[in-house]
Amino acid sequence: MKVYNTRSGRKEDFAPGDPVRMYVCGVTPYSECHIGHAMSYIVFDVIRRYLEFRGYRVRHVQNFTDVDDKIIARSSQLGISAKELAEGFISQYFADMDALNIKRADIYPRATEEIPKIIEVIDGLIQKGHAYHAGGDVYFRVASFPQYGKLSHRATDEMFSTEEATGKEQPMDFALWKAAKPGEPYWESPWGLGRPGWHIECSAMSLKYLGETLDIHGGGQDLIFPHHENEIAQSEAFTEVTPFVRYWLHNGLMQLGEEKMSKSLGNLITVKEALDRYSADALRLFVLSSHYRSSLTYTEEGLAAMERGAERLRFAAHRQGGDGPTAIEVENYRQRFMEAMDDDFNTAQAIAALFDLAREINRAAEEGHSIREGQKALLELAGVLGLQLVPPQYIIEIDTYTVESKLRELSEHIREELIAAGQGGLIHELDGVESLLMKDIIDRLLALRSGLRAKKQWALADKIRAQLAKLRIILEDTPQGTNWRYRR
RNA sequence: GGCGACGUGGCCAAGAGGUUAAGGCGGGGGUCUGCAAAACCCCUAUUCGGCGGUUCGAAUCCGCCCGUCGCCUCCA
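Numbering-wise, the first sequence is residues 19 to 506 according to the numbering used here.
The set of hints was computed from the structure by calculation and includes no laboratory data.
One or more hints might be untrue.
Straight-line Cα separation of at most 20 Å, EDC-like style, residue types lysine to aspartate or glutamate; simulated pairs [what the hints assert, rightly or not]:
1) Lys488 / Asp294
2) Lys290 / Glu422
3) Lys394 / Asp458
4) Lys168 / Glu30
5) Lys101 / Glu30
6) Lys278 / Asp240
7) Lys29 / Glu258
8) Lys474 / Glu422
9) Lys290 / Glu30
10) Lys278 / Glu318
11) Lys168 / Asp294
Derived Cβ-Cβ restraints for the label pairs, each shown as a range [to be verified]:
12) Gly401 / Arg326: 32 to 42 Å
13) Arg122 / Thr496: 33 to 43 Å
14) Val259 / Glu347: 26 to 36 Å
15) Asp374 / Asn501: 21 to 31 Å
16) Arg377 / Ala322: 16 to 26 Å
17) Lys290 / Thr315: 16 to 26 Å
18) Thr315 / Arg72: 44 to 54 Å
19) Lys146 / Arg28: 31 to 41 Å
20) Thr496 / Thr315: 36 to 46 Å
21) Ser313 / Tyr126: 19 to 29 Å
Just so you know, these numbers come straight off a predicted model, no measurement behind them.
Every residue, glycine too, gets a C-beta built ideally from N, C-alpha and C.
Just need the whole structure built from these sequences, with the hints factored in.
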């Protein structure tokens with residue numbers, strides 16, 4: 019396997035330890051997740067799933083930075099505690115990620131619950147001369163770490179930090195610990211009451227849960243500088259072990275219109291909004307159909323196209339086949355899939371293999387061959403990309419109660435039409451629909467429609483089809499009978 | 001200004017020196033079908049932003065130009 023390492027700027031052979039120690043930067047929970055977050059977590063979810071598929075054991079840690087300036091500002095605005103605010107958005111985070119079929123990390127440490135470790139690291143950095151305190155603040159002494167800039171490939175003489183500069187030796191030094199201002203949450207420390215700076219929590223938590231050297235550290239490209247650069251400085255200065263991270267992986271950023279989607283610009287589409295309109299599979303296909311290091315522009319047309327594609331994969335994965343001998347060389351597709359993924363997770367090519375397999379499944383089915391093996395492989399490989407390909411009948415959450423009552427209304431209406439059309443003989447098909455459940459009512463209507471079609475009563479048969487379509491229930495007539503499915 | 005990325009069919013998007021330039025969506029035609037839908041088959045880039053160069057051979061390497069975007073201390 020080859021993976022692109024931001025540190026070296028090229029693809030490298032992937033030779034991790036066992037288990038693979040993987041740390042992915044999580045969110046600062048002060049607002050809802052948008053599809054830019056979804057993009058990042060889908061990408062790293064697929065990387066993790068593929069590593070597991072390849073037989074690696076993976077220990078996956080992802081943090082919550084649950085105390086920072088924005089959380090504090092927002093919570094005081096709302097008149098609730100920082101903790102309350104963060105916990106609320108953390109719950110929403112999990113709900114969103116679960117809906118996107120993102121596997122949970124093994125551990126989700128929170129900055130506020132790791133204060134002792136954070137203090138230990140800061141204290142060690144002070145002991146070793148890499149940090150100093152100024153008033154109640156503690157800063158990292160960037161000049162003490164000559165390799166600073168090696169990840170983002172920058173020279174230190176161009177850097178400065180916009181953080182409050184009181185007492186800093188150099189403008190580029192950054193805060194490890196911030197003294198608490200009145201009304202802010204605080205913890206006790208050797209330097210007085212305060213809270214951790216932005217970057218230190220990741221160093222402390224990765225060290226605690228994964229050790230001194232990580233195999234994979236992931237995040238969005240916007241974290242390369244300063245966040246990950248600072249993490250390297252803190253971690254390597256503290257442990258004196260190099261490298262802190264063997265493979266730095268960064269995903270490209272989601273664009274909306276002309277600009278990057280971000281909380282600060284306010285130009286965002288939340289995960290909930292996206293999932294309201296499109297299936298998780300469509301969203302995942304959209305993200306994975308281009309390379310993870312490229313930026314991606316969100317468009318409704320793009321998502322709609324992926325929804326169609328997802329429907330095709332679902333159909334192929336669950337359709338009826340024949341009893342003839344298997345005629346699909348499943349191994350070819352597995353190979354193509356793996357070759358693509360082995361090359362720095364080329365999901366676009368992997369997806370192409372999936373679509374080719376789907377086509378071959380359909381072709382084989384129409385020729386009467388068994389397609390079991392092909393469907394099994396399709397579901398398995400799609401699963402590596404986190405695609406669920408649930409059967410088309412279950413694709414949407416439907417308000418069963420409303421649909422049921424509308425189906426009963428429709429049945430009543432059809433009764434009258436039957437009589438008007440002189441087809442009263444078929445009316446018994448609708449007996450008792452008042453007490454039937456949705457799927458049984460649909461079955462009755464389909465049986466009735468078959469009767470009408472047998473008598474070439476096309477007008478009424480088509481009317482039933484059209485009325486059901488209004489309820490997003492799509493009929494498909496085949497030689498074996500009529501199938502139905504939902505349309506999103 | 002510094003650093004970096006990108007420009008491939010109507011749209012999205014792989015490919016990074018050499019057989020027919022993946023795949024998806026859309027469009028056109030056909031098979032099947034009472035019609036529709038789905039599925040399948042065929043067609044839809046002799047050419048990869050432009051101009052030069054290297055090479056037997058260039059979307060792929062080099063130079064310049066044009067255009068788009070990202071990062072440069074809030075960010076996934």
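Against the structure, the hints:
no.: 1; hint: Lys488 / Asp294; in the structure: holds, 19 Å
no.: 2; hint: Lys290 / Glu422; in the structure: violated, 26 Å
no.: 3; hint: Lys394 / Asp458; in the structure: violated, 29 Å
no.: 4; hint: Lys168 / Glu30; in the structure: holds, 17 Å
no.: 5; hint: Lys101 / Glu30; in the structure: violated, 41 Å
no.: 6; hint: Lys278 / Asp240; in the structure: holds, 10 Å
no.: 7; hint: Lys29 / Glu258; in the structure: violated, 26 Å
no.: 8; hint: Lys474 / Glu422; in the structure: violated, 28 Å
no.: 9; hint: Lys290 / Glu30; in the structure: violated, 37 Å
no.: 10; hint: Lys278 / Glu318; in the structure: holds, 16 Å
no.: 11; hint: Lys168 / Asp294; in the structure: violated, 42 Å
no.: 12; hint: Gly401 / Arg326: 32 to 42 Å; in the structure: violated, 21 Å
no.: 13; hint: Arg122 / Thr496: 33 to 43 Å; in the structure: holds, 40 Å
no.: 14; hint: Val259 / Glu347: 26 to 36 Å; in the structure: violated, 48 Å
no.: 15; hint: Asp374 / Asn501: 21 to 31 Å; in the structure: holds, 24 Å
no.: 16; hint: Arg377 / Ala322: 16 to 26 Å; in the structure: holds, 21 Å
no.: 17; hint: Lys290 / Thr315: 16 to 26 Å; in the structure: holds, 20 Å
no.: 18; hint: Thr315 / Arg72: 44 to 54 Å; in the structure: violated, 31 Å
no.: 19; hint: Lys146 / Arg28: 31 to 41 Å; in the structure: holds, 32 Å
no.: 20; hint: Thr496 / Thr315: 36 to 46 Å; in the structure: holds, 39 Å
no.: 21; hint: Ser313 / Tyr126: 19 to 29 Å; in the structure: holds, 27 Å
The structure fails to meet hints 2, 3, 5, 7, 8, 9, 11, 12, 14 and 18 from the earlier list, while all remaining hints are met.
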